[in-house]
Each structure stands twice: as C-alpha cells, then as structure tokens.
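With these hints in hand, go ahead and build the complete structure from the sequences.
Chains as they are written, first to last, in numbering that gives the first Met the number 0: chain A, 0 to 318; chain B, 0 to 318; chain C, 0 to 318; chain D, 0 to 318.
Treat the hints loosely; a few may be bogus.
Claimed, not checked - Here are the simulated SDA-like cross-link-like pairs (lysine to any residue), alpha carbons at most 25 Å apart as the crow flies:
| no. | chain 1 | residue 1 | chain 2 | residue 2 |
| --- | --- | --- | --- | --- |
| 1 | D | K114 | A | M0 |
| 2 | A | K114 | D | E98 |
| 3 | D | K114 | D | A138 |
| 4 | B | K114 | B | Y134 |
| 5 | B | K114 | C | A99 |
| 6 | D | K114 | A | P181 |
| 7 | A | K114 | A | P181 |
| 8 | A | K114 | A | M0 |
Just so you know, these hints were derived from the structure itself, not from any lab.
Residues per chain are reported as follows:
4 protein chains.
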Amino acid sequence: MDVILDVDTGVDDALALLLALRAPDVNVRAITCVDGNVDVDSVVTNTLAVLDAARAPQIPVARGCPQPLAAERIHAQQVHGCDGLGGVRLADPGREPVEAHAVEVLRRTLLDSAKPLTVVTLAPLTNVAVLLTCYPELADRIDRMVVMGGSAGFGGNDSVAAEFNLLHDPEAADIVFRSGVPITMYGLDAFYEVTVDTETAHGLSGSTDPAGALAGSLLLAQAQRFATREVTIGDAGAVAAAIWPEHIDTDPHHVRIELHGAHTRGSTVVDQRARRGILAGRASGAHNARVVWSVDEAALRETFLTAVSRHAQPVSTVA
Amino acid sequence: MDVILDVDTGVDDALALLLALRAPDVNVRAITCVDGNVDVDSVVTNTLAVLDAARAPQIPVARGCPQPLAAERIHAQQVHGCDGLGGVRLADPGREPVEAHAVEVLRRTLLDSAKPLTVVTLAPLTNVAVLLTCYPELADRIDRMVVMGGSAGFGGNDSVAAEFNLLHDPEAADIVFRSGVPITMYGLDAFYEVTVDTETAHGLSGSTDPAGALAGSLLLAQAQRFATREVTIGDAGAVAAAIWPEHIDTDPHHVRIELHGAHTRGSTVVDQRARRGILAGRASGAHNARVVWSVDEAALRETFLTAVSRHAQPVSTVA
Amino acid sequence: MDVILDVDTGVDDALALLLALRAPDVNVRAITCVDGNVDVDSVVTNTLAVLDAARAPQIPVARGCPQPLAAERIHAQQVHGCDGLGGVRLADPGREPVEAHAVEVLRRTLLDSAKPLTVVTLAPLTNVAVLLTCYPELADRIDRMVVMGGSAGFGGNDSVAAEFNLLHDPEAADIVFRSGVPITMYGLDAFYEVTVDTETAHGLSGSTDPAGALAGSLLLAQAQRFATREVTIGDAGAVAAAIWPEHIDTDPHHVRIELHGAHTRGSTVVDQRARRGILAGRASGAHNARVVWSVDEAALRETFLTAVSRHAQPVSTVA
Amino acid sequence: MDVILDVDTGVDDALALLLALRAPDVNVRAITCVDGNVDVDSVVTNTLAVLDAARAPQIPVARGCPQPLAAERIHAQQVHGCDGLGGVRLADPGREPVEAHAVEVLRRTLLDSAKPLTVVTLAPLTNVAVLLTCYPELADRIDRMVVMGGSAGFGGNDSVAAEFNLLHDPEAADIVFRSGVPITMYGLDAFYEVTVDTETAHGLSGSTDPAGALAGSLLLAQAQRFATREVTIGDAGAVAAAIWPEHIDTDPHHVRIELHGAHTRGSTVVDQRARRGILAGRASGAHNARVVWSVDEAALRETFLTAVSRHAQPVSTVA
Ligand SMILES: [Ca+2]
Ligand SMILES: [Ca+2]
Ligand SMILES: [Ca+2]
Ligand SMILES: [Ca+2]
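Shown next, in the form of structure tokens:
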C-alpha cells in the first residue's frame, strides 16, 4: 500500500509514523506537516527526528500550513507536552525537509503516482483542504482517505461535541468531507480503544529495533504523564485501520461538519437515521464517509506491536 | 404522585394520558396543551376526547401557546395523521377546557399544591418556558420535570441531530434546561425502545376498560399506518419512567441546547466527558439533567399494559 | 392618544414617562416593567417613584419578566448608574404596583380598550414577546408599536452591531418583528440625535412643574456623569415620535433580527435594497416596520421641553 | 505603481483591467483569476480576450481556485450574462495563461519584487486567502490591498446584508481581514457611485484606442441589459481608488467578517463606535482596514475616462 501521511507530530503521530515505517508492504511516499498539536516548525523537527531515530530511508517531509483557515488557533500541549513528544528527547534531526510546501508535495506525489494513493491524515485538515480547494480534480487521485478525526456517538474531547483535529480547523474539515474523496472516519469512537499497558510498553522500549524502542519510550512517557497503566496508541490506530481494515467495523453515512454552532462547532454530524428502522425514510444526503463505529482492539494492538519492532535483531546465541 | 402533563396530543400523547389516568397512585392535577404535532386547538380537542373516551374524572385541561417562541413552526402530521390521532375517530368531546391560559393554569396548580409537583412534558416546551421566563421562582415548585425530548447518542429524528419536540421550539428548550428545574431527559435513546406488538395490541383493543380499548386501537392504527408489527408507546414511556424510575438507567450530565448550528439546531449537547476516564478533567458545567441512557423495555411495557386496562370489568361467570 | 408604555426605568425611561404624563391628549393606560437597564424590581420602584415625583394620577404599573428569553442577561448600569436613575435620589414610592403580571396587564388593557392602542416599548421586548407568543391574536389590538431599539445604518452601541434593548433579548425582538404588529423602529439612527444642553437643563430643573423639575435634574445628572454639555433625551424621543410623527422621517422596510451571528447577534437587518435603484428587484420580504431614518431634532426637543413642564404654576404677580 | 490584480472577469473587471492597462505609471505585474461571477475557466478566457482586445503587452495571467473554501458556490450571471461579459463578444484569445496556479503566481510575484506590491482584488478572496494561509509571512510583501468587497452602511446586494464577492467566500474574506495586510475596503458604499452615462459611453465606444472602444462597448451593453442611462464602472472604481487615493474618503476601522449569521453571513461588520462621540470608549479591536465611505464621483469618472482611451490615435489631419 502506497500512502501519504499528514501529521502534526505529536506523541501518537510519532507512534503512527513508526508503525507506517515498519508495516509490511507499506510504502510511505511523503509526509506532510501541519499546524496542530504544536506549531508547524516543531512538527517538522519532530517528524524528522522520529525518522532519524527509526533509521528510516529518505522520505520527503514537507512543511505545510502554519495556521488553520478561518478558525482561531488552539494547540494541545497539555496532551503532548511543550515539544509535542511528551518529554521524550530525540537527537536534533540530521535530515532536512524538502523545500516545497506541503500542499505542493501532496499535489506532485498524487500526480506522480501510477495509481491513486491512500492518504492518512492524523492532524487538522488544513493542508488537504487547501489542496482540494486549489485542485479539486485531484480528489480522483486519492483512493481512500483515512481521517483521524471527529466523533459519531462518543461526544467531543477538546470541546463538549468536537474532536481536537476537526475543532482546530472546522472549515478545512468541511471542505474535505464535501470533496467527494472516499473517507474512512476514524474518530473518537475508536481512538481511545486501542491501548498498550505499561508492562508491554516497557518490554517494547527494550527492543533492538530502534522503532520499537522509541515507541516503547513514548508510550511509557505518556503513561507517566497521565499516571495511567493503559496508554492509547491514538493516531497509530488510524494507520493500523488503513492497513488492516479487517479489524474495524464501519458503516457508510452522510456526514457533515457543523461550522456554526455555539456548542457544536467542529463536530461531525452523522446521519444515523438510515440505521433506525422507522426513521430510515428521513435520512438525507449521500454517503460520503465510512464511520468506524468499533474496532477489534486486541487485533489492532497485536498488529501494531508486531510491526513496530519488526526489525529487531535476532538474539545472537554465542557459546 | 401528583403530576401535571403538558401535551400536544398526538397518538402517543393519548397513550401517555391513558396511562397516567389509570396508573395506581397517580393524580393528574392538570393537563396543558401546546402547539406541536398538530395545532393547539386540535390538541385541546383530542385531549378532551381522550378523557371522555377513558371516562376520566374532571381534570383541568388548558389551551396554551399556539406557536413556538422564535422558531418557525413545524408539525408532525406525517407521524400522527391530519387530526393527530392517527385516524382513530373519537366522539366530539362533551367536556370543555378551562378558560385560563395553560401558562396560568401551570402557575396556579404549582402554587396551589402543598408540595412540589412532578411535571411531565410530552410536547414542545413553549408553555413551560414562558412560565419560567415570567415566574422563574416557580422552579422551586417543581419536584422533577420528566422531559420527553432530545437525544444523547441516538442522533435526531426530525432533523439529522434533533428530536421533534425540541426542534419545534429550541429556545423554549434552552430556557427550561437553564432554569434550574431538576430534569429527567427521556429522549430518543429510550423513546423507540418500548414497543407493543400487534397481537398484544389486538388483545388490548378488546379490553372492557375503555382506556385499554382505546390504547389498543391507537396502537393498531399506528401499526397499520407504518406497516410494522412493533409499535412504540412513545410518550407513554416517559410517563412510565416518571412513575417507575426503577425501570430506567440514568446518569447526570451537563446538557445544553444548541440554538445556532446549521445542522445541529435544536439538538441536546450532552457533556459525556465526565464518563470518559482520561477526559474527565475537561468536563465543564454543572449537571442539570439526568439523561435516560436505557430502559428496561420489558418492564415498562408490562407496567404500561397492566395499568392501562386496570379498570377492566371482571368477567361475569354465569352458570 | 391612548398608550401603553413598556419600560426598564432607567434615566431616559424616566424622561419618557414624564413626557407621556404631561403631553397633551395622551392618556397612559398602563405601564409595564421588564428586566433591562436594571433588575425588574428596581424598574418597578423607579417607575413608581417617578410617578410620585410627577404627582401623576393612578396608572396601573405592573412587574413583568425578570429575565430575557434565551439570552444571557446583560445590564446597563454603566449608563444608568447602580439604581438606574443616574444617582438622582427619589423618595420611596408611596404607590404600589398592581398584583397581576405585566403580560396579564398588557392583555387586559388591550382587550378592555374600545379601540386598538399604541404601545411604546422603551426596553427589551420580553414582555411583549411573551404576550404575542401566548396570545398572537392580540396583535390586532395594537394600532402601532413604537419600538425604541435597533439600528439601521448607525451600527451598534452595546455590541459592534447591536443596540442594547434588542441585544438584551434578541429572541423577543424576533418574535415581535415577525408578529404582524405595525412597528415604528426608533433606533440608534435617531436615538442620540435629540439632545438638551446643560443650560437648558438647568433652567428646566427650576420648573415649578415637578415633572419638568425632575426631568431637568435627570438631564443634569447625566451631563455630569458623562462630562458632556449635550445630553440625549433618549427614550423620551421615542415617545415624542409616537405623539408627533410629523417630526420624524420613516421608510417602510423588511426588517429581521439576527439571532445567530458571532458579531451581529441582536442586530436589526434592514433590507435597504428597495431604495437602491438597480437592486430594487432583489429586495425580499414584506415590509414589517417603518424605520426612523432621521428626526427633526429641534422640533422634538421643543415639543419635549414644552410638554414636560406644562403644569408649571403661573408666576403669581402680587401688587 | 506596481500592482497585482485578482479578478473574476466579469464586465466591470474588464473595465478595471482596461483602466489598469492604460493608467499612467501603473505596471500590472500579474493577473490572477478566481471563481466568482462565472467559473474560473471562463474568467481566464475573458481576461485573456480583454488583454488581446486592448493590445496589452505580455502579462502573466494565472488560473486560480475553481471554488470557494467552505461556502456553497453562487454565480452572478444575472449581472454579467452567461459568458460574464454582458454579451459583448470578443475574439478567442490568442495568448495563453501561465501554467502555474494563481496562488503560486501570487507568491512568486510578491517574492520577486524588490519592494512590497499593491494588490487589488476585484473578486472573491479565495486565491489570496489560500496564499495567506499557506504563507502568512507574505503579508509583509503586500504594501496595500485594495479590496472591492463588503459594505459599511449601504446594506448588501447579493443578500440583504452582504456584498457578492464576500458572500461568495466569507471564510476567505475572514482570513484576509485577519491577516494583518493593510486593507482599503472599497465596498458598496462607493461601488455604485461612479457612473458613466450612455452618451459618454457611446462616445467612448468610438475611440481609436482599442481599450477605450471596448470599455465603451461594455458600458453600452450593460446600459441596454439593465435599461438604464447611467452605468456604474464598478470594479474599475476600485482600481481608480488604488491609483488616485486623493479622490476617496476613508476612515480606519476594526472590521470583521460575519461567518455565522442567518441573515448576515458574509457581511462586513464595521465598528463605527469610535466615531460616535459618547460610544467611543466601547469600540474594540485594532484598526485593520480603511473603509471608503465616499468618493469624489466626478473625479474618478474623469480619471477613468481619460486613462482608458489614453492611447487614442491623434486624428490625422490630411490636406
Ligand atoms: Ca495527530
Ligand atoms: Ca407528544
Ligand atoms: Ca429604556
Ligand atoms: Ca469582479
């Protein structure tokens, strides 16, 4: 699977990057950075540092929009720490971002590919929204977009009704959800489900695969910050869902983004009436997204754990 | 239990009235009518006719607001038929409504009662909102308000996100939910759960209790109109929930009414974060309503069926 | 002219009361009080005290809604002082309000009148909106409603786009403007125009008519509070406009109240396209209000000054 | 003056282009096209055809965003005709647009210029908003942006409160007005003021300057379409205002774009309180735009007429 990742790295974006780098048969074609958890320059630095730490091959990393469209900026440093990596210190990156803007990198990568690509967005949708506003014809070059964002029945996290990524740039989300791109919405209904316990994280942190070791350290750092025994893999779950769709349950729905509510701005409005027997006749609007209602939590954890330390060195058994 | 019912009769309001009239230890102190399923004059006529048909004692029935506050009017004749009773023809009522406006009847009934009363609202909240705007001090005279309205995790029925009663007058709902009155929100999460099958309805329609017989006829008429074997008792469930709270599961929440959304106007915004472990610290706002998340469907049906034909004549066994 | 006044007294409501009490051929049938500049209990006390000070005949004064409909409360004590009368101390009132609620007094006064009445509203429109929600048929009993409120081309005062009375209860304003009652909108385009200078106010304060003397004192107190030489007569201008329409310039327009804007909530949206030549064909909506675009400032001031001290004692000329 | 024009050509955009091409000391560095009056491909074609007709030198013309950000699309073919040029048929253009997207051309032109440029926008602000979202640091490369759009005291044209360009993409307008770029808002308060009568237009249409001749023909066509004797020069007024600021009256204001109103979406909310004596203390927000409140209509017309046929051939006087 050839994939573009759009990120605001972020602890769980880091986990997601590590998974995508190690997952069998996954080819990361480009990584685009956007304002979100932290400012875009920190996102770029964090992303490059994660690639270095995982000894990843050269992959284009591009700096994108440093601010949302019409929304006021919010950041999420209470979740990810001041630097966005939860306090895990990585070496200054040795590699550099490409010169072109993320929107331009998205455009070229989609055009250069022989076949439509999978795009996984783990961040506010500003970059993708600008792409689709400037070049709506590129919707056809996207095979599927797995969006970490929104909420169907769970309620919000950053506000009472809205999830962080979409609340950070509701207009961008609206543009993407109206674009015609086939969307899989991996929202809060799934996001917090896939967790790793501290014992497992500790084991992982000792992996001889540097990706696994870093994943373990990041998970342990979050466990410590939130004083909890179970840590969600967050964005990494969305990557897992893109790779192993057999582990998620989805239904197609008409989904709109509320832009104008006093309490509901940035929320995903999922028309559930089609599933409600007597109300089915009142459902309106074409299905524009598959909503992930639930996941096989154990299967996604296992695939994540197995993949992320796949390059572990065999233990040398010396006499 | 002394109770005031606020209605927009309506098939399921009729079922609710019949239940309240027959339920043991329930004393209906007043019935107030409001614009909703049908226009308020039809609501008054239907309500009086149901009381007649059930051979109810004299109970004050008052005409209330003929239109919502700031909202455009919507009716629900596709659900309840042109006359609001789903085509079941009742004799013209022999009794009359009281002269005073519903808001005045609410006020006097609350003031005249030695102890705070239970109010069950089965309709748009215009009457109650006007009461609490004119006389906010009467909030203390309401022991509990069971509101049939809203939706927590179910989505909407009349719009993608909103339930009919609240969408019909969102501003009224906002006033009530901010009033300080202790609210039990019996919304769509419960509303469609309690059903009666056509066989049972058929048996009920032959009851020698005229209340039971009418209930059976109304259920059969809805079954026929919607070509379904299971018919919800709807508003009657809210009355049952008020009488037998042991059959419902509730949690306290901060609930606000969205007035300004393009897709979410009239929806109930329930802050679920307090129940979400890691998000508990982000919940905001005082608990102002107990949300009915689920019901003991079988128990509520049985209590309804038993009560509504309670005055059935014993079969005379002649030699 | 028989008139009902709806007030939130308030310095300039006091001026308006004094004008209405003294204007020739004006008969004040009732005064209804509402939450606005100050809380409704202070409004009642201030109103009664003004009637006492002016030695007014018995006029029913009724306490009305103590809070707006769906809006959060705002008060205007920075304009009117803590007590609402700008620091002018009046004796505790000797008279009492009527027992009935303002909405009930509005209803009965309209019904008891042989012919439709003029209603002048100088405050948030909560009382009138509740009246017209409960009894929309009473719109026919109102010959004309002169509304002090809104703004056509002036911009707002309490917010960037909205005038205080309408911003205090936008939903009430929406109800009134959609009610079918013929409205004259005396908004900010006129409100600040009619002024009295301190010299004239000083002369007035020495009037032997207690109404004139009080008016003079109130004007002087405002001049001192705002350190200005010219003081607007404010609400009194709306009463003057109702009595002497020959001194105002109006045009009929379609006017709506914005309920949902982030910057424009509570503003009056006046369709000016009908007056714009090339755009006339795009105007939409029936004319529901006459907008006061300008006033004959000098004429309104003179009529105000002449009327308010009309009961001055002739100077006794002793030999 | 070096200038970039952003257009949705459109009859009056054509007039504006002709003026900019002929105005002394004006150097058009680039023309960027955007969805607006007509679809962006027609805008490109019309723009190139106007340049051809005026025998303009080579100027980069770039195709931009084919749709607004979050708003539904509206077009204005009732004003500009199906082709956008009011029925005036031009030869198919001989020149081609540049390959790069308008946003990229804006970026490069700003970066390539030794000093900050003037940008005149005559269309929905999508292109500029995308530029400033992707590259907010380029705000410093814009000396001044003259925005044809909005309305301060005039009311709306395409809706009751909003002007067409801003209503077509309110979120884009919001981005631009919050960007820090110094804005001169040439809105409806000025837009319809500068007119040419049919007699003058007829004279112009016979000019030996092809620019003047085309301008005359376009004006005559509009006069015929709307059956009027006076035709506004519209967008050309904004170009004239940019070139000859001595002919416009402006005041600095805090201006916000309303995104959320039911009646006011897309309107410019101008804080006028600073100019309102007693209200000055309530004004809030930094001045982010100079609002054109009025224009010297005669002077702008004359400068337009003189400039647009500046290349007229001297009459050859043959013996
Ligand atoms: Ca992320
Ligand atoms: Ca009902
Ligand atoms: Ca007042
Ligand atoms: Ca244009």
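Let me make sure I understand: some of the numbered hints might not hold for this structure. Which ones are they, in numerical order? 1 and 6
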